[in-house]
Amino acid sequence: MEYLNKWLSSQCNVLDINKYFFGIRDDKKQNSINYKLMSSQYGYLIHHHKGELPQSILSSCSHRTGIPIDYLKNRIYCEIGFYYLKIKCETNNAIKYFQKAIDNHSAEGLFLLSLIYCDGEEFDKAIELCERSALEPPKIQLLHNKGVIANYRVHEAQYHVGHLYSKTKKDYTKTFNYYLMSAENGNTRGAYVTSMMYKKGVGCQRDEENSKKYLLKAKVNVKQQQHQE
Numbered sequence: 001m002e003y004l005n006k007w008l009s010s011q012c013n014v015l016d017i018n019k020y021f022f023g024i025r026d027d028k029k030q031n032s033i034n035y036k037l038m039s040s041q042y043g044y045l046i047h048h049h050k051g052e053l054p055q056s057i058l059s060s061c062s063h064r065t066g067i068p069i070d071y072l073k074n075r076i077y078c079e080i081g082f083y084y085l086k087i088k089c090e091t092n093n094a095i096k097y098f099q100k101a102i103d104n105h106s107a108e109g110l111f112l113l114s115l116i117y118c119d120g121e122e123f124d125k126a127i128e129l130c131e132r133s134a135l136e137p138p139k140i141q142l143l144h145n146k147g148v149i150a151n152y153r154v155h156e157a158q159y160h161v162g163h164l165y166s167k168t169k170k171d172y173t174k175t176f177n178y179y180l181m182s183a184e185n186g187n188t189r190g191a192y193v194t195s196m197m198y199k200k201g202v203g204c205q206r207d208e209e210n211s212k213k214y215l216l217k218a219k220v221n222v223k224q225q226q227h228q229e
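Quick note, the sequence shown lines up with residues 1 to 229 if you use the UniProt record's numbering.
One or more hints might be untrue.
Said to hold, decoys possible - Only pairs whose alpha carbons sit at most 25 Å apart, straight line, appear in this in silico BS3-like list of lysine-lysine:
#, residue 1, residue 2
1, Lys96, Lys125
2, Lys36, Lys19
3, Lys170, Lys125
4, Lys19, Lys217
5, Lys169, Lys199
6, Lys19, Lys96
7, Lys125, Lys200
8, Lys146, Lys125
9, Lys174, Lys146
As the list claims (entries may be wrong) - The calculated label-pair distances, taken between Cβ atoms and stated as ranges, are:
#, residue 1, residue 2, range
10, Lys96, Asp26, 47 to 53 Å
11, Asp27, His47, 47 to 53 Å
12, Lys139, Val220, 17 to 23 Å
13, Asp70, Asp124, 27 to 33 Å
14, Lys223, Ala150, 14 to 20 Å
15, Cys89, His63, 24 to 30 Å
Source of the hints: derived by calculation from the structure; they are not laboratory data. Cβ atoms here follow ideal geometry from the backbone N, Cα and C, with glycine treated the same way.
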């Protein structure tokens, strides 16, 4: 686990924390994820530390970046859960780690668990979990007055619960409200769909000016994402 330890303790930046595998990429393979390295690091963490980052790593990363320790704990729980789900194809173990994150007040854990219920077509439970995630604060306050960081997956949950209300409940007012919420928190798809709903008057009153406003917001988001890449 030496690589992950060094990365979190002294190399990663604040934005890396909300990236898959904490932003660790393989420069030799067009900046893609090194799944072999990820498997070795997470495998060691699971078998030797029961999926818990050692306190020394948590403290070092938190002190350097300002990210609260509980948020870091939840990110690793969700990372391991996602690793179990997508790499190991072990849904029960994935649920175990998502639930650990949820028990520690993780919006990301709620969202990821809701997706499992969606896959099983248990939409009422999926909506319940996703809505809880969507209503979590969209930003996390960093320590030492270092600003804020996005509460990972919250704006995705807002978009997704809007989609669920549209497809399974046909409740277009709630659909619109959640799409709008996601748009305000930086979700590109949410901004685009909000624009279209304003344009057509679905779930809201028709409003051409707001339609243009959110279409522009979607375009700006796309440009910002391209610049970051």
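Item checked: Supplied distance hint 17 to 23 Å, evaluated on CB atoms of Lys139 and Val220 -> Holds, at about 19 Å.
query = Straight-line Cα separation of Lys36 and Lys19 no greater than 25 Å?
reply = Holds: Lys36 and Lys19 sit about 17 Å apart, inside 25 Å.
That 47 to 53 Å hint for Asp27 and His47 (C-beta), does it hold up?
-> violated, 28 Å
Note to self: Between the alpha carbons of Lys146 and Lys125, is the straight-line distance 25 Å or under?
What the structure shows: violated, 37 Å
message: Please verify whether Lys125 and Lys200 have alpha carbons no more than 25 Å apart.
response: Cα-Cα ~30 Å, so violated.
Does Lys125 lie within 25 Å of Lys96 when you go C-alpha to C-alpha? holds, 17 Å
ask   = Within 25 Å, alpha carbon to alpha carbon, are Lys174 and Lys146?
value = violated, 35 Å
CB-CB spacing for Asp124 and Asp70 relative to the 27 to 33 Å hint:
Once the Cβ atoms are compared, 29 Å apart, the range 27 to 33 Å for Asp124 and Asp70 holds.
Exercise for the section: Quickly compare the C-alpha distance for Lys19 and Lys217 to 25 Å and report which way the hint goes. Expected result: holds, 23 Å
Given hint Lys199 paired with Lys169 - CA-CA distance at most 25 Å: holds, 22 Å
Practice prompt. State, for the Cβ atoms of Cys89 and His63, whether the hinted interval 24 to 30 Å holds or is violated.
Written response: With a Cβ separation near 37 Å, Cys89 and His63 fall outside 24 to 30 Å, so the hint is violated.
Exercise. Quick one, are Lys19 and Lys96 close enough, alpha carbons at most 25 Å?
Worked result: holds, 21 Å
Figure legend: structure checked against the earlier numbered hints; hints not met, in rising order: 7, 8, 9, 10, 11, 15.
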